[in-house]
Structure formats: structure tokens, C-alpha cells
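Number of protein chains: 2
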Amino acid sequence: MLSKNKLKFFSSFSSKKIREEYGLFVVEGNKMIDELLVSNHTIHSIVATSDWIEKHTKLVANVEVLEASSKDLECISLLKSPQDAWALVYTEYKSDPLLIEQSELVLALDTIQDPGNLGTIIRLADWFGVRQIWCSSQTVDVYNPKVVQASMGSIFRVHMVYGNLFTLLAQHSYIPIYAADLQGENVYTQQLPKQAIVVMGNEGNGISQEILPFISTFLHIPSFSTHSHKPESLNVSVATAILCSEFKRIGQFINKI
Amino acid sequence: MLSKNKLKFFSSFSSKKIREEYGLFVVEGNKMIDELLVSNHTIHSIVATSDWIEKHTKLVANVEVLEASSKDLECISLLKSPQDAWALVYTEYKSDPLLIEQSELVLALDTIQDPGNLGTIIRLADWFGVRQIWCSSQTVDVYNPKVVQASMGSIFRVHMVYGNLFTLLAQHSYIPIYAADLQGENVYTQQLPKQAIVVMGNEGNGISQEILPFISTFLHIPSFSTHSHKPESLNVSVATAILCSEFKRIGQFINKI
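Here the protein sequences line up with chains F and W, keeping their order.
All residue numbers for the first sequence refer to the numbering used here, where the first residue is 1131 and numbers rise by one.
All residue numbers for the second sequence refer to the numbering used here, where the first residue is 1131 and numbers rise by one.
By construction, these hints were calculated from the structure, which means they are not laboratory data.
A portion of the hints provided could be inaccurate.
Just so you know, same-sequence chains aren't split out, so a pair can sit in one copy or run between any two.
Below, simulated DSS-like cross-link-like pairs (lysine-lysine); rule was C-alpha separation at most 27 Å, straight line [as the list claims (entries may be wrong)]: (1) Lys1360 with Lys1324; (2) Lys1147 with Lys1210; (3) Lys1224 with Lys1360; (4) Lys1161 with Lys1224; (5) Lys1201 with Lys1134; (6) Lys1161 with Lys1360; (7) Lys1188 with Lys1147; (8) Lys1276 with Lys1146.
Please model the complete structure; the sequences and the hints are all you need to start from.
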């Protein structure tokens, strides 16, 4: 069981202020902790049930692990249905992008605000083999607990860069830079390169004025709605998914009419 | 200003029990209410600021509209940032599907549980011209406030059927029935028909055993991850988006390598 003091300490990480003060973020749930253990992130401590600890003895040999009752875990958890393990992990903010490879697709996020959207984008980017995501500094914090949970472990694999998008794009303007825009070219009829940067704009305001000059092509996912009153737009994570799919499917669509 | 009694009455709709008792659901936000006003849904009442009412006089001629202060609206709102208008609307559960047209794509949801996922699916379905979505009766309630908000107004356009998926699929087995499955055929290399039903399974458990016999083809969205430890799956709304895109883009991809 956890002491009263430890319980109070771990519970305090529901506060953003405390997480920032310690430079730690929260990872929860059995699957997420499994992903964490095979990642190269530095773990501060794990709080888990005795059953969980017994099953993971080898994997957590060098980590501080504290045994807790399910009731303790309920108390410190940020989830509606707490599971058997909860961890504090050191944040690692990166400001340098990776060198872009020959057939690499890079995502650049221009101030995505909803944590669910960012987490979903990280997860789908990982699926589509996107190695790095560049985020404007006003983009929601990657270590926000809702981002971490929605990423389903992909947060441990994708290289997340926070910085000035203007500077990052200016440094890479030799690579074709695309952006999603309702007035853009039909994505289904465009010839897309394998190496590209795709910029996704803010949920409400789209792409910032200052980075517009870097965009070589605007892409549009056409609507097939026949209603007189059509939907205005797609959710940003859904649009990102379709664009990633279009860039990655190249060469995979033989046999289609 | 609202009377104390009215304030109490409207605030009570944060409770699912009260919403069900009255057969009413909550619609919030200026954009959503604009979509509501051009839909054929029956409005019980609108609570709004005097500014909003002034701007919408003609549109709300036959509706009970109550003036409220921003503070009143904050009090009854389910949103973090309440806007200028809030409405109660009559629920209309449908059990009959529409007659399937020649080039129609139908979505069938086998117990989607997360309200954000259902709302996002309704929004993207509307974008891709999907006229009707069939939901298993265990699928999250379409009138859950989180579903309504995530649908961004598309809930007023898409014909949502709740019922027994086994029966619905059995009645339409003359149409090709597809389902998303990690073991399925690569969606990018499959020849897809214009008329089809696509079944999406539950977030954790996939497709139910009892409806498996109706599936003519299982489809898989391949992962392009090169990590030794790959992501397990895509979020269900993201997978639905990519499948809708693949079915709808047919004939639109001339000029591609």
C-alpha cells in the first residue's frame, strides 16, 4: 500500500502546474505502460498492483516500482476506469528535426489545439510510417494526459519537435511543402511525391498567414455530399489521415478501375 | 432573463435520465444551432442571448425562444465555453433503413462505444455522401451530447438507424458487404464497387461473431511503420475515414503514377 504522503505526491500530478514543475508526465493503462517499457523514455517511477509487478519483474528491474492497491490507483488515476499500472515519465522536448530521408513524409502542425486531435494524429502518423511531427509552439502540449492516452503508445515512437514553424519550413524549402485547404487541388487527381512535408492548420483558423508563402501546393479532399446544405469541413485528424493515406498508397493501387 | 424555475428546468438536461424522460436532446453553439434551423428536426425550445434572437428573428418565428443572459447560458450549458444559443430538440429514433440506391455507400457500426468516435464518423460520412448509418442497438446513443457536438451538424443530415445489425445485413445480403479487419485484403489494391455496405467493429473487440458470415470481403489498411515495435491499430473513426475515401475516390485518380 502507498503511504499517505506518497498518495498525496502522486495525486498531485493531475495538476498541469505540478507536472511542469517536476518535468514529468503521466502514462496510464496496461497497454500504454507495456509500450513505455519497450521505449527509450526515462521512467521516474511506476505505481502498480502486486499482480502487475509480479508479471513485469524483469522489465522493471531498473525502475522504482511502488506497490499500490486498486483503491490507491483509483485515487491517483486521471482515467475513468483506472487499470493496474500508472507511471511518471520524464518529458523530453525536442527542438531539432531529424534529417529528412529520401522517401520521407513529414507532418507539420500549425497550432492544433484539441488534445484528442493531436493524440489521434500521432497515432495515425505512426501507422503511416511518419517518423517526425513538427509542431508550432502554440500547438497543445504533447505531454497533456489526453494527448498521451489518445496516441495509444505512438507518442513513444514518433519524434515530436516543438518550435517555430516559419523557421523549420524556411530551412526545408527545397522539399515540396503541401497544406490542406478547402480551396486547394483535388488530392485524388494530384501526382504526389514520396518525399514531402504536409502542413495541417488550426481547427478553426486554418494555416497561419506567415507560413503561407512556403506552401507549394494546397490540397483539398473533395466532398461527395449531395445535400443542398453541405458539411463545412472535415475534422483535422480525419483530414490528416486521408492525406497520409494518399501520400503513402502511391504504387499500391494497381488493378483498380 | 430566465426565471429560477426555467433555469432549473433547462439545467436538468445535463442528466441523461431527464433527456430520456422528455425525449429531448441538447444542441449547443452558434454553428450547430444554425445547422439545426435549416434541418427538419422539431425544436422544443431555444434559449439565447438578446443579440442572437435579434439576428435570427425570421428563422425562429415558429419556435419557443427564451431570452437569457450569458450567465444563464453558462449555467445550463454542457460546454466548457458556452456560446449564444442553446436548444432542446425532439429525439427521433429510426429503425427503418432507406432504400439503397445504385451507387450508394452505407456504413454499419457494430457497437461503437466512444461518443467522440461516433460523432466524428457521422461528420465524415456526411462529407463522403453517406446518406445512412446503421448502428447496432448497443452503439452509443446518437443523442449523447458529445456525439451531437462532434458531428458538427451532420447529425441533422445523416439518416441514423438503430437496430439489429444481423437482421439489417441479412435483408441486404445481395449487396457486397465489407468489413475492416487487420487480417483482411490490402484496401489499396482491391477493386471496390460503388454500391457497398461497410461494417466497422467495436473499438476493442472488432466485428461480432454473429455477423461475420455476412461479410463478403475483409479490408485492411496496411501500416507503413518500419519500427520493430509497430502500432497495433488505427482509431476506428480514422479507419472509417480512409475506407470511405477509398470507396469514393474511384474514378478520381487519373494522372497518378
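Evaluation of the provided hints:
When the C-alpha separation of Lys1360 and Lys1324 is checked against a cutoff of 27 Å, the pair qualifies only between copies, where the shortest distance is 21 Å, while the shortest distance within a copy is 32 Å. Within a single copy, Lys1147 and Lys1210 get their C-alpha atoms as close as 21 Å, and across copies as close as 20 Å, so both meet the 27 Å cut-off. Taking the closest pair of Cα atoms, Lys1224 and Lys1360 come within 27 Å of each other only across two copies (22 Å); inside a single copy the shortest separation is 41 Å, beyond that limit. In this assembly of identical chains, Lys1161 and Lys1224 lie within 27 Å of each other by CA distance solely inside one copy; the values are 25 Å within and 37 Å between copies.
In this assembly of identical chains, the alpha carbons of Lys1201 and Lys1134 lie at most 27 Å apart only when taken from the same copy (13 Å versus 40 Å across copies). Taking the shortest alpha-carbon separations for Lys1161 and Lys1360, only the inter-copy value of 13 Å comes in at or below 27 Å, while the best intra-copy value is 39 Å. In this assembly of identical chains, Lys1188 and Lys1147 lie within 27 Å of each other by CA distance neither inside one copy nor across copies; the values are 33 Å within and 48 Å between. In this assembly of identical chains, the alpha carbons of Lys1276 and Lys1146 lie at most 27 Å apart whether taken from the same copy (12 Å) or from different copies (24 Å).
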